[in-house]
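Student: Going down the list, the sequences are from chains A and B.
For the record, in the first sequence the residue sitting at position 95 is 95 according to UniProt numbering, with numbers rising by one throughout.
For the record, in the second sequence the residue sitting at position 136 is 136 according to UniProt numbering, with numbers rising by one throughout.
Any given hint could turn out to be false.
Derived list of chain A stretches under chain B, where covered just means 3 residues or more per stretch with a C-beta under 8 Å from a C-beta of chain B [to be verified]:
(1) 52 to 65
(2) 165 to 179
(3) 268 to 274
(4) 291 to 299
What the hints contain is simulated information worked out from the structure, not anything from laboratory work.
All C-beta atoms, glycine included, are put in the ideal place defined by N, C-alpha and C.
Read off the chains here:
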Amino acid sequence: MSSFTYKPELSERGALIENHWQDLARGRRLYTMLSLAVLALALTGSLWFANETNSGKFFERLPHFFDFVGDLMPRDGIEVWRALLDLPSPYFDGSLKYDYPEGRYYVTDSLYVPEYVYKMTETLNIALLSTIIGFALGFLLSFLAAKNMTASPWIRVPVRRFMELLRAFPEIVLAGFFLAILSLGPIPAIIAVSIHTIGALGKLFFEVIENADMKPDEGLKAVGASWVERAWFGMVPQVMPNFVSYFLLRFEINVRASTIIGAVGGGGIGEQLRLSISRGHEAKTLAIVLLLFVTIIAVDQLSAWLRRKLVGDQAFQAVM
Amino acid sequence: MSLSEFEAVAARHPQLLMPSFWSRFRVAAVGGAIALYFVFCWWFFSVGQVLGTANWGIAAGYLADWISYEVRPDIVVRADGTMQIEFSRYDPIGPNPCPDWLEAEHETVTRTVEIPATEMQAKPKSSFSFVAPSNAGKQEAAEARTETRTEEVVTHAVASMNSTDRIDVLPGHVEIHRGNETLGVTLSRNDGVRADRDLPAWATQRASGEKIVLAFGFSGWAEIRDDAVKIHKRFVGWENFFFDIDSPFFGKSAAEVFGLLFSGARLDPNRSNVSLALEGFLYNPSWQHLDVWTKLLQTIVMAFVGTFFATIIAFPLSFVAARNITRNGVVNQITKRFFDFQRSVDMFIWALFFTRAFGPGPLAGISAIFFTDTGTLGKLYSEALENIDDKQREGVKSVGAAPLAVQRFGVLPQVLPVFTSQALYFWESNTRSATIIGAVGAGGIGLKLWEAMRTNQDWENVGYMVLLILIVVFVFDSISNAVRSRLIGRRSTL
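Isolated chain B (complex conformation) (with noise of 0.2 Å):
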């Protein structure tokens, strides 16, 4: 047909070059339907409001918490002009540190120290007081006075934030230096925070004379209220992740605990060095190194124990599911219908109701992953066992053999390493399951990361644990990937 008949067909039957109706607006209707239905989402969800509430600015804040820590001094600046630099008692860097970025100047004067009126803690004068013990408390309060000490305070403090910018503390007088910014601040009890020029973009108040937020980025931030500037400086790292501030070895360098290790005079008289070590590394209140590492491996073990024992009952019970070895329709099905239920019961429940059964622990743990996956394996393992050829199994059976070993040499060796290397890619998919399960109750690092999740605190122990369970995962999947591959050829099934 050359072209000008072509186009003369085309001309006399137009509606035969017509694509149809639905091919032409095929794509239009669908993106149209995704909309409308994103529409309704967003109404449904109401994800306007959501995210109009969401506070953005502590999401960035919570990131920086997953590889940094902040130290956070307080410079007092009390009204007599004389300063006090303090730091939380769980501060990371130590009860009483000095660091270098923070400088300052001591001096030692003589001044009134005002102690505030404090309530004795009224005792009863015998256990059957009848008259309320806040009356009798309030007559035995000590009056306020005044004392005079000797003491040294701080004069003058300078924090370097970060290379460029800083933070210079004179009594009532802050001046900031951000790049080639200057910004300076009086402080003032009657008068509050007032600045001496318009804010820049990095200093917010909400209204006049009340707290100043400074902002540095990834360096921290600072508060300057009228009795004190309050600095958050931010590091990067894990702070204390081998020793905490309470043990022996805290703010030594590798090189001096290697040498305490294992030629140095004992710290303490009662004990090796090594053994102390080793507690204050395991036990470090803020890591928590071997409960983290226990909880992991609790969840590897419900995964492996789960698995192993899902795939020991489904094994037996596919021959009965399987069609072509048990030859009784009336069993196949309830055995298939028996799986369908296991498997169509989410993981989730099992977890929830064996949580119950067991307390929160592994076991739950091991129970819901054994319930679900003898259904899954099972369903699995029963397909297998139908599509395998039958010539063998005839071989076998016409030589005279046993039922049992018709099975163990005719069926067997074909199924076998499906049913290894389905088995493995189970237990390593349930090490992911386990994780998640775990988070409602069922045991293992899940709660634990859960937990840590929900004070909104700790998040670079969220960190630690995420690391290390991506590290199980990946070290997992190869190990299955490898066994898979020699068992079934280097392409999986699955």
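Okay, chain A solo, but in the shape it has when bound (with noise of 0.2 Å):
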């Protein structure tokens, strides 16, 4: 980017000095340039060999790669909301494709829920049960696993390596697990998240803990306390906000890792959803897929919204 040189006079020990940091220069660069070479290649083997144990390859199925597009674009300006209500399509031939007359709830005669609908009321269900499982369970193993709380590494550690454990276990196959035992339904998933929560939130809220002031807690102390009420007095009135805005947090992700349980037999909107793209109903995938990221915003823009209430605009923002 230099686009003039200035070599100014240079004593003999300045020259030393510049040639110093020449080397030191080149080597940088020799360094950045051997790191570029080796991620260049780890990419190129990579695509390779992604490609190669595709099922389809990536230069024939590109021209493709727009046909579900074309698929699912509506054929007139309303067919999504149509379907998104289940009301009664002018396409209908009696195939489940264009009105989904089998699982709808009936309230009264002619009003009635989309299968869909209940069946997303199904998943915010499993990740709201499963959060609050998550969160009584985290909470506990949190105080025994924080060093202000419990200074005996004989509890601490334990607790601490059984919450990455937890956290660490793949939640398919936690889901899996359960679904052998308990057969295919939402019950297995609630399980699954609840477990994956309990570590992850577990973590998240010993570290609260560990900075929370400890001035409260010495007071306490002072006046006899046991430590179940230096914990209820002491600590919970500090460190509840953060809590509960990670428990916000928390049910956001759950939303989504509940979904995907679905899709694999945990019922709720993911199968629905994996179904209707696997059997083609265009509509119904357009609909189930509006419902969903319309939920997905709202319960980010509402838990947000929460979590600036509880914690101020240092609220923890939502990555993931």
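Dock chain one against chain two, each of which comes alone in its own frame, and use the hints as you go.
Tutor: Dropping the structure here:
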């Protein structure tokens, strides 16, 4: 980027320093180049490998890339809305492609809730229930894992390792295991998401506790309060806003997680979406995607608003 | 204020010291609401019914299967009082085993064997036969006949389930020793299975005369029928992890195998022992090492390539989205809303669509991760750019640098460590997500894991894959944490 070069006269020591600096700069450039080359090599290898092991090859399939956009294109302006509300379709041909009478939940004889709206509430309830369970158990465990509440490493370290294990274990395996025992349905999803949430929230919680102000705790200790009283009156009032904020953040993540687990047998909207895509029910697919999109944005916005109210502007940003 | 004054004030204005209604009943209200919600969920998901019908017995079996395997010999008890030990063809201990925990006394006897009537496979006389083949077949069926054979049969078999428990099988009579308890069972074709006393807690029989199921805890279980004793003995470990029963290296100790690999005579004259062993290991039918590793590599590749491309695309776009760099509100807003759109359509939805576009495999996973994370990284990057210190930029600008040079020397040095650290964080977290979206068809180990779980048979393979995933996630976590803490100091921003 330099448009002109400036070469001042240097003393002997200055030249030595200059030379040394040039050497260092050359070394750094060499390392940068080397790491870029390694990265390029890894990328090329990865792309080749991905293409080889894929069932369709990239360049063969690329022309079909936007097929699904064409398939999904609604044929008239209100088709999506009609599908979303499950209203009678003029294209109805007796199949389940345009009208979805099978899963409807009739409130009265003529008023019904479309199946996927019901399933969406199921997914939301899975997320909410498992976040509450995860919150409750993570709350209890976090006090045992925090250094300032539990001095003994014999309790603290096992609790921490246990929470790490809960966090690291793939949700899909937990879901699969409980699906094998409890058969298909939302309860395996609840268990899987809860277990993961315990680990994830527990870790965030004990970090909050460790950063809390210890003065109320010392005061309580001075008047002879028990461990439970110290935790309840000294810690909980301080950490609760942050805890609730993390709870809301986790709820957002769990809505997504329970959708995915639904797609592999855990019930809820995820299953509906997968089935509708694989059966080629275009209008229904669009309706479900729209419903999911709107729900996820609504949950995100609601939780962001609540978190801002709770802990002010430094609210944790939803990343995932 | 002294205590007496305080008390006087408190007596005059009691409502001042009274906590508000909400703060008094907050805990009870929230607790009550949650309890009500639990009741609602109990009804909504019909939890009670599902838990009631759940088969908790098999849960323990599945869990044990993660780290152990069963060997299942059948001791067939024939009506004429002879017995035979049979192993299923796919038993993990090989085709003709004589395990030392199953002792048998053999005897050579001459007996008549009834060969049941077999229906000959009817072949049509010509390809244009209009006669239903089943009619023609029945006429040609061989009649049932008897044959006299001299063969070795088992007269007494003892299966030790563990150091204290064993099953003694005699023709027509089975004796079970469990600890210091003994249970005798008589088998007869007409009368069924009868125990000689009331059944203890470890034995169950649905109805009188039906089969008796014996539980030996972790050591396994056994089934006594009127014509056979089926033994399921459990062993800790992963059976045939290196070589399966059809490999020439099956059943050899580690020392023997190494001896053969480095100096032994060729087992197959056409090829070296090393290539034979390698093939036997990689294509081991019950563990499928090569396939599992390929799928695991696919998952890693999905996370790596997806995150890499997302970074490459999000990087320039974030400069467009940052309002202090591109001073055009409309362009900023369009780019930001584009990021929001990519983020909000979940990775899972993208994965389903791309699976349709590319077919199942890692390309779908790469695309899904790429689409979602372009949005997420773009949002984070543009926020990082909006929070930079303007002084450096102004300094570079004031000496007359070109716009690109301003970004390169005034902006980039401030944000590059944050950018890299966030990219690394996403690479790490995508390794985990890639496992999950794999299960919906986007390639990688997720699908394989899902298939292994759906069969309900291969829980040891699930355990193996989970172990590999945990190792990979742990290694990537450590690498990414180490690099990130070097880039931006001890505490990461995420």
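Student: Hint by hint, say whether it matches the structure.
Tutor: So, going through the hints one by one against the coordinates:
1. 52 to 65: Result for this restraint: holds, n = 8.
2. 165 to 179: The restraint on the stretch 165 to 179 of chain A holds, since 9 of its residues have a Cβ under 8 Å from chain B and three suffice.
3. 268 to 274: holds (count 3)
4. 291 to 299: With 4 residues closer than 8 Å to chain B, the stretch 291 to 299 of chain A meets the three-residue bar; holds.
In summary, the structure agrees with every hint in the numbered list given earlier.
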